[in-house]
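Chains as they are written, first to last, in the working numbering: chain A, 6 to 148; chain B, 11 to 156.
These aren't lab readings, by the way, just hints derived from the structure by calculation. Source: prediction; values computed, not measured. Glycine residues also receive a C-beta, built at the ideal position from the N, C-alpha and C atoms. One or more hints might be untrue.
Partial selection, computed: residues in chain A whose CB lies under 8 Å from chain B [said to hold, decoys possible]:
(1) T33
(2) A38
(3) P51
(4) W55
(5) C113
(6) T143
Using C-beta positions, here's what the derived DEER-type ranges look like [claimed, not checked]:
(7) B:T54 x A:P51: 44 to 52 Å
(8) A:A127 x B:A148: 39 to 47 Å
(9) B:L152 x A:I139: 31 to 39 Å
(10) B:T22 x A:I139: 18 to 26 Å
Now for the letters of each chain:
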Amino acid sequence: MSLALAGHLPNLAGGALIGLAAGALRLTSGHIAGISGIARLALRGPERGWRLAFLAGLILAGLIPAGPAASLTAGLAETPLPTLAGAGLLVGLGTGLGNGCTSGHGICGLARLSRRSLVAVAVFMATAMLTVLIRHHTAGIWQ
Amino acid sequence: MSPASARGSTSTLAALGCGLLFGAGLLLSGMTSPARVLGFLDITGQITGQWDPSLAFVMGGALAVAAPLFALARRRGAALNGRPLADPASRLPDARLLAGAALFGLGWGLAGLCPGPALVDLALRPWPALVFTGPMLAGLLLSRRD
């Protein structure tokens with residue numbers, strides 16, 4: 006158990022940094038660090054300045070030399086492009102309609118004990134797991 | 011900028027810093043890799059012993075830090091810059107929320123990418139990340155009329 010936990014220290018530490026970033030934005034400015042909402046309103050909305058700055062920081066973080074890009078993005082280059090494009094469209098439509106994603110509902114929403122976010126997290130987790138399960142068992146058809 | 015206009019506006023530098031910190035956390039957490047995310051979402055791994063619980067640790071670490079900071083902000087009643095706390099709708103879950111969450115889950119399960127990691131990946135693997143984030147931004151704009 007302690008060995009398993011030690012193996013997940015980067016996950017825990019990374020999560021803590023994400024929580025710190027979300028908490029700092031809330032405490033300093035009152036905003037919700039929901040990436041889909043920030044991205045949508047950065048394109049078309051009021052107060053685009055801070056949102057564009059937040060997104061710039063997010064993208065720039067990818068330049069931190071944390072390891073080989075191939076392992077940091079493992080699985081990305083192997084994903085068929087039509088799958089990426091279709092999934093991207095679904096993620097955009099879904100998070101726009103549902104008013105949040107893994108960060109907005111999953112972290113900020115749960116941190117502020119929102120009932121709507123709890124329901125949203127249960128639904129997108131279950132749907133994502135079901136999607137992977139169905140693809141897993143129909144791999145011959147999909148690939 | 012006069013103090014009056016500075017009050018209530020969100021500092022660009024603070025937002026940039028928060029974005030950078032958020033992205034660094036995603037990078038360290040392993041969630042920028044679709045393979046790892048799919049390894050968590052694949053529940054058959056619980057039977058075969060191949061299940062990757064990483065994402066649960068990421069969520070746990072994030073909530074352990076975010077929850078007390080959100081509670082502190084709530085107790086203050088306003089942000090440090092004097093703004094009221096953004097308080098998204100607290101009404102009951104509706105069909106729009108359920109449909110949106112289900113569509114998001116479908117896309118997340120197909121590619122193993124959600125909005126934050128996809129944007130961080132733009133700097134690491136620009137082309138495949140753009141093939142995902144381009145349609146994602148289009149979907150975000152198409153999803154609402156406001």
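Here is how each hint holds up against the structure:
1. The closest approach between the C-beta of A:T33 and any C-beta of chain B is roughly 5 Å, which is under the 8 Å cut-off, so the hint is satisfied.
2. Annotation: A:A38 was flagged as interfacial toward chain B, and the flag holds, the nearest CB pair being 6 Å apart, inside 8 Å.
3. Checking A:P51 against chain B: minimum C-beta separation of about 10 Å lies over 8 Å; hint violated.
4. With its C-beta approaching chain B no nearer than about 4 Å, A:W55 sits inside the 8 Å limit, and its interface hint holds.
5. Restraint check, A:C113 versus chain B: the minimum CB separation of about 7 Å is within 8 Å; hint holds.
6. Contact between A:T143 and chain B, as hinted, is not supported at the beta carbon level, the nearest pair being about 13 Å apart and thus beyond 8 Å.
7. Evaluation of the 44 to 52 Å hint for B:T54 and A:P51 yields a pass: the beta carbon distance comes to about 45 Å.
8. Checked against the given bound of 39 to 47 Å, the beta carbons of A:A127 and B:A148, roughly 27 Å apart, lie outside it.
9. At roughly 26 Å, the beta carbons of B:L152 and A:I139 sit outside the given window of 31 to 39 Å.
10. For the pair B:T22 and A:I139, the beta carbons lie near 44 Å from each other, so the given range of 18 to 26 Å is not met.
Consistency with the previously given hints fails for numbers 3, 6, 8, 9 and 10, ordered from lowest to highest.
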